[in-house]
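Novice: In case you want the letters, here they are:
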Amino acid sequence: MNAKLPAGLLTAALLIAGCGAGSQSTPGSAGTPKVGLITKTETNPFFVKMKEGAEKAAQANGLELMSAAGKFDGDNASQITAVENMVAAGVKGILITPSDTKAIVPAIKKARDAGVMVIALDTPTEPQDATDALFATDNLRAGELIGQYAKAAMAGKPAKIATLDLAPGVTVGRLRHDGFLKGFGVQEGDPSVVCSQDTRGDQARGQTAMENCLQKAPDINLVYTINEPAALGAYTALKAKGREKDVLIVSVDGGCTGTKAVQSGQIAATSQQYPLKMAGDGVKAVAAFAKGGQKATGYTDTGVTLITDRAVPGVEAEDTAFGLANCWG
Amino acid sequence: MEASLPRRLVSTPVAGPLAALLLACLFFGLNTGQFFTGPNFSLIIQQVMVVGTLAIGQTLIILTAGIDLACGAVMAFGGIVMTKLAVDSGLPPLLAVAAGLAVCAGFGLVNGLLVTRISLPPFIVTLGMLNVAFALTHIYSAEQTVTDLPALLTFLGQTFQVGQTNVTYGSLLTILLFLLFAYLLGSTAWGRHVYALGNNPEVARLSGIRTSRLLVGVYTLAGLVYGVAALLLVSRTGVGDPQAGQTDNLDSITAVVLGGTSLFGGRGLVLGTLVGALIVGVFRNGLQLMGVASIYQTLITGVLVILAVAVDQLSRRRTR
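Each protein sequence line maps, in turn, to chains A and B.
Under our numbering, think of the first position of the first sequence as 1, with each following residue one higher.
Under our numbering, think of the first position of the second sequence as 1, with each following residue one higher.
Calculated directly from the structure, the hints in this document are not laboratory data.
There's no promise every hint is true.
Said to hold, decoys possible - Pulled a few chain B residues facing chain A out of the computed Cβ check, cut under 8 Å: (1) Gln-34; (2) Asn-40; (3) Gln-243.
To be verified - Stretch by stretch, here's where chain A covers chain B in the computed footprint (C-beta under 8 Å, at least three residues): (4) 136-146; (5) 228-240; (6) 292-300.
All C-beta atoms in this analysis are idealised placements derived from N, C-alpha and C, irrespective of residue type, glycine included.
Modelling step: build the complete structure from the supplied sequences, incorporating the hints.
Specialist: Here it is, written out as structure tokens:
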């Protein structure tokens with residue numbers, strides 16, 4: 001009984017293949033020009049905001065937006081599939097936040113070879129010129145701002161620093177970390193940095209990391225975090241030890257939850273970035289290209305602003321009212 | 001026993017999935033102009049070849065009433081072994097590929113031995129191996145993606161022309177593997193033994209089948225197939241990616257279940273698994289072409305899995 005099927009199935013397979021080979025069509029020949037947006041995941045508020053920005057800009061510029069995302073951060077296979085499908089759908093341009101900065105490069109090359117303009121948003125590919133252009137936050141600058149802020153806010157008090165980082169080998173994390181140290185005016189390996197842990201930008205992991213850091217060095221008085229979920233995890237760990245008042249937490253991202261935490265004083269200051277602008281500018285660039293214009297090139301800094309209600313002299317900052325008006329998520 | 005053809009089609013576990021696949025093709029063909037093209041079908045096959053090949057191994061194991069949660073992680077490790085040996089250690093590419101295949105088969109062998117010799121449930125064994133393989137991948141690769149691969153490792157990603165359409169060698173290999181296993185399971189004594197073992201291991205043993213040995217063989221063979229999937233993955237992406245395959249264990253089970261194979265073992269066809277994998281691929285591609293966001297593709301896949309099994313259960317209850 002089990003052996004009867006193959007023949008029937010083969011016929012069906014041939015039928016499908018036959019359908020496939022039969023018709024001819026030129027992708028993207030009809031209707032409004034299309035633009036594709038591929039994010040790392042669809043659940044992170046950062047990418048939700050990015051999509052929102054892309055949708056608005058697409059409407060305003062008479063483009064049709066297609067979107068796709070990986071199933072988890074690091075899901076390269078899904079991003080490749082999305083690139084291929086979008087090229088098949090005849091998009092003019094693809095905006096992508098690469099999950100794996102190197103592994104996505106061959107797929108991007110194929111898309112560009114097919115005449116599609118590819119712009120990296122938020123995260124550069126390796127090499128950076130694998131895409132036509134990059135629209136992103138200057139992550140080194142984002143780290144530098146909170147480093148400078150922390151230096152001034154500590155007011156000469158000897159610092160015992162914990163850094164709650166992203167993950168090994170991820171550029172964004174390395175840049176923010178290095179920027180923070182640069183802004184604070186210390187070198188990597190300085191004895192004032194008493195604890196460094198990876199959190200993957202996750203609140204629960206941030207809490208665990210901070211708990212372990214406090215075990216290692218109970219006198220930590222300055223915490224750098226890769227993003228606000230990690231910062232809030234650190235805050236919870238500090239609060240459990242009754243240390244939340246005398247430890248300075250600085251962070252990067254500027255999500256709405258994070259900005260509220262700055263307002264309530266849980267986080268001292270954060271460097272706010274602008275995903276809505278990244279996506280909006282990206283879509284505009286595709287619209288210009290679709291109208292027969294030039295391809296976008298090079299790196300466009302989409303800006304970063306230090307948000308704090310406890311400003312310090314010498315470091316430019318905006319208050320949380322500005323932060324909440326411009327936050328994402 | 002000699003039922004009419006329509007009757008026989010209805011009672012086979014693949015008729016439903018095949019009908020679903022054809023309906024889906026029809027639906028997307030009517031809704032998007034770009035769907036019914038040769039290049040697009042070639043694309044869909046490329047996009048399902050990795051999970052599809054994993055699902056061949058998964059089908060073998062599920063037919064014996066087992067399950068493999070480690071397949072994606074084993075594949076990722078195999079891919080890293082191949083690429084790192086070839087690029088960083090300077091091994092001849094052919095040898096590096098052979099080493100990757102051997103490592104994957106080795107994982108299968110260990111799984112099989114643990115299942116038979118210590119009588120551990122396959123779920124537990126492969127859950128453990130999932131973590132072992134995942135960790136080894138990240139330790140060995142030091143979280144770094146391996147690039148600049150020698151041509152041999154990406155050969156399966158190269159294309160040849162059929163009419164106007166470029167087809168990858170990997171797609172062809174995947175189809176050939178499905179046909180090979182359809183033959184092995186459907187027309188050889190070994191295949192009949194696998195089904196017998198899945199239906200009732202005690203009866204299989206009493207009728208003279210050396211069940212432990214058969215089971216170890218099935219797991220090892222499945223591992224080897226995961227090794228081929230690793231090579232397909234490497235050739236498709238052009239890199240050795242330590243993050244690969246993290247959801248592929250469940251995706252391969254999805255393909256098997258959508259293809260009408262019973263998780264209780266002894267019932268199902270490997271060509272059904274091909275149909276199951278294609279269903280997922282067709283929906284992903286078709287919905288994308290229609291401009292539907294990825295999260296809805298996941299939603300629909302979930303509904304399809306439940307529908308597929310429900311329809312199967314109901315139809316079997318009626319024919320009983």
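Novice: If a hint holds in the structure, say so; if it doesn't, say that too.
Specialist: Cross-check of the supplied hints:
Because the closest C-beta pair between Gln-34/B and chain A is about 5 Å apart, less than 8 Å, the hint holds. Checking Asn-40/B against chain A: minimum C-beta separation of about 5 Å stays under 8 Å; hint holds. Given hint, Gln-243/B at the interface with chain A, holds; its Cβ is 4 Å from that chain's nearest Cβ, closer than 8 Å. With 4 residues having a Cβ less than 8 Å from any Cβ of chain A, the region 136-146 of chain B passes the three-residue criterion, so the hint holds.
Beta-carbon proximity to chain A at under 8 Å applies to 5 residues in the region 228-240 of chain B; the threshold of 3 is reached and the given coverage holds. Three residues within the 8 Å Cβ limit are the bar, and the region 292-300 of chain B against chain A gives 4, so the coverage statement holds.
Hint compliance for this structure: every hint is met.
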